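K.L.:
Chains as they are written, first to last, in the working numbering: chain A, 1 to 225; chain B, 1 to 225.
Rather than coming from a laboratory, the hints here were simulated on the basis of the structure. In this text, all values refer to a predicted model and were calculated from it rather than measured experimentally. Be a bit skeptical, because a hint or two may be false.
Each pair may be met inside one copy or between any two copies, as identical chains are not told apart.
Claimed, not checked - Derived DSS-like pairs (lysine-lysine); straight-line CA-CA distance at most 30 Å:
id, residue 1, residue 2
1, K179, K72
2, K72, K160
3, K216, K179
Number of protein chains: 2
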Amino acid sequence: MSDVKEIKVMSNLRTANEIQARDNRHTLEQVFVCNLLGSPGAGKTTLLERTLAELTARAKVGVIEGDIYTTKDADRIAHYGVPVVQINTGGGCHLDASMVAAVLPRFDLARLDMLVIENVGNLVCPADFDLGEDIKAVVLSITEGDDKPVKYPLIFRNSKAVVLNKLDLAGFTDVNVSKLEQDIRAINPEAEIFQVSCRTGDGVDRWCDWLLSNLKQTGTAPNIN
Amino acid sequence: MSDVKEIKVMSNLRTANEIQARDNRHTLEQVFVCNLLGSPGAGKTTLLERTLAELTARAKVGVIEGDIYTTKDADRIAHYGVPVVQINTGGGCHLDASMVAAVLPRFDLARLDMLVIENVGNLVCPADFDLGEDIKAVVLSITEGDDKPVKYPLIFRNSKAVVLNKLDLAGFTDVNVSKLEQDIRAINPEAEIFQVSCRTGDGVDRWCDWLLSNLKQTGTAPNIN
């Protein structure tokens, strides 16, 4: 088959995804939606656990867990007493807008302030697929090395927030955290950068405060009950 | 567009890749080819640097570096005085057999014992694309967490060797390395598992000896120049 055919089909797929993402955005217009991205093992689920422990008293949060096969992450999140729905892609390397649309009816959206969608662990493909979110946030473990923003720029360019995780290990590695921050700022000068350790909890409060500052001020999503 | 059309095109793409991979395997029949996989930041390039430092006196090694945009990894590898060719995928999340075929003429294959292809950092998509290699080997940093084999089983099932890297950080994390090994063995009982620290060099010798034991005994790939 020719390259042209491949490109054409990819283009159709993208268009279909964009249309569905727009519909999702409309459905979710009262809810602040964060698409959480990062490599396998960057610490997305642990960040989410820490975030829920801090936020559930202050906002109504729902979670969509994207994974290839297992429900391991959703099982962890369920302990926090929030509505959580698992999407298994069955081999697929990213979530798309239609997968999200299929599970939205499982949430009582009128009672949610915030929906966090934890994407499949992958620093490449998920950056390209709009799910209908308000923001993308990328989690990068500093143990992944300080060359990652330059090597995988798209996901850093498309993310409104970058969470640098596992700062507790910085002293045991050769990673230059200042260089990491500089490189992120060169790619995306507007990005909010958070330095955290999800293991110790350090820095997670600032990230949580920032998330809360993004909630939509509609008055239709009650924080009580 | 319908799901059916998408599946059909993917199937065509796979078939085209398989045909090209078979051709590559034929072209490379005198050369032991290792397709090196793993997440961003698992330590693939550092493992390769350690491997080259140990192997270049014992075998003729060539390297193909797969990256999305930069030549950073190829620049690092070039210091070891081995033939290295960079493939930039321009956004693509994995190498495919046609990309490899396009650069093979840049090597003097009759003078190579071994070709290492470092794939794009991604624990999902590269597992699905045969490049014409003899073996896949996956590098997993223990800082990625001990749940990764269960969550990303395909790449562990398809790899003949698993290199557990960053063992020097094990004591500073909550990772259970024994569980990690058990889970890998449950998915792939035949896998060779190596525990290494590419930072200190510990364990890399065993991995290098194993690589050498895979060289093809054709007598056509001289180790002397």
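K.L.:
It remains to establish, for every hint, whether it holds in the given structure.
P.N.:
Going down the list of hints, with the structure as the test:
1. K179 to K72: between (34 Å within a copy, 15 Å between copies)
2. K72 to K160: Both: 27 Å inside a chain and 26 Å across chains, each within 30 Å.
3. K216 to K179: neither (34 Å within a copy, 43 Å between copies)
Of the numbered hints stated above, the single one contradicted by the structure is hint 3.
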